[in-house]
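Numbering (the UniProt record's numbering), first residue to last: 1 to 321.
Keep in mind that the hints were calculated from the coordinates and are not lab data. Check each hint, because a few of them may be wrong.
[As the list claims (entries may be wrong)] Straight-line distance between alpha carbons at most 30 Å, and here's what the computed DSBU-like set of lysine-lysine pairs gives:
#1 K54 to K237
#2 K54 to K234
#3 K56 to K234
#4 K237 to K56
[Stated by the list, open to error] Computed beta-carbon distance windows for the label pairs:
#5 I33 to N141: 40 to 48 Å
#6 V259 to N5: 24 to 32 Å
#7 G14 to F46: 20 to 28 Å
#8 R236 to C53: 25 to 33 Å
#9 M126 to L3: 48 to 56 Å
#10 I160 to F206: 53 to 61 Å
#11 P18 to K237: 46 to 54 Å
#12 L3 to M57: 31 to 39 Å
Just so you know, even glycine gets a beta-carbon here, dropped at the ideal spot from N, CA and C.
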Amino acid sequence: MVLSNYTTALLLNGQILPSQIADPYIILVIGWIMLLASLLGMAMNFRVLQSFCKQKMSSFYLMCSSKTLSNMCILLGYVVHNAPITIMNNFNGPTFMNTLVNEMLSYGIYIVGPIIQFMISINRLMIIIFVKQSMTQNNQNLTIILLAITWLAGILLTVITSVDTCNLTYNPELLNWWHDGCGNFVGDAVTAFVILCAILSNVCNFVIVVRLLTSIVQNKIQLDSSTVRRRKQKSRKLFIQSCIQDWLSAIDSINITFVDSNFDKAIFKFLFDIFSNLMTPVLDGFVMLIFNQECENKQSTIVTVKMRETTTHNTGSHNKF
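With these hints in hand, go ahead and build the complete structure from the sequences.
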């Protein structure tokens, strides 16, 4: 196997081990896996985004749409850059494009998802606590401002960490990232921030579930058993969905920062670094797709029933004549 001068220099300087260099055939297979997985993730997230765009754009759907866009941005980085250079295996060292894309995947746009997920949990909590206000007030403008600030922060972090002292490069010969300078510090800071967002979001979701269950118990006398059962089921599904989405990015950050250091072989480092990062937006899109599909099916059933009732009513009216 002929290595690039960049990887050869790392090997000769003792910065990497021979076991960290991947076999060419494995690199080719992994490249196609990355491309197919990222395309699948793009398709699922795009389908979810289409579904959100059909809804009335409340603050909730604005945030969900924005989170889906952040997923698609990360996956787009794999489609247009990381997967192709892995398949072609033509790495010749760090380039501006390589650094920019992977700073976006690892730091900048990467943190947008967890922040928006936390905002979604806060939004749900506020609706539960301030029911009357949420029905009368329109907070779309505030939501748009907060989302704009979040995206600007992500873009700014991408630009700042793309300077020479922080180069984060994807090296297909290692099937992993390689960084210089402040990479460790930034990576640890991002991991801590993502885990903090997950914890705070989970706290919000737990409070929401407790509040909903308390409300159901208090109103149980006025509600029939099917309504109570339906509300409990909805609360449980919403809690499970939120917990999964909260911890996807957190688990990925833990894998990248802590778990991968226990392995030397290229394939294991790939699984806990690049593949973990790639699958996070794929799985997030899958979770949203499944949950949203259930909502669409219910709405479709309601519309069908109403149409049948209208048709029956009209038929009955014609029969009178």
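- Query: What are the numbers of the hints that this structure violates, sorted from low to high?
  - Reply: 7, 10 and 12
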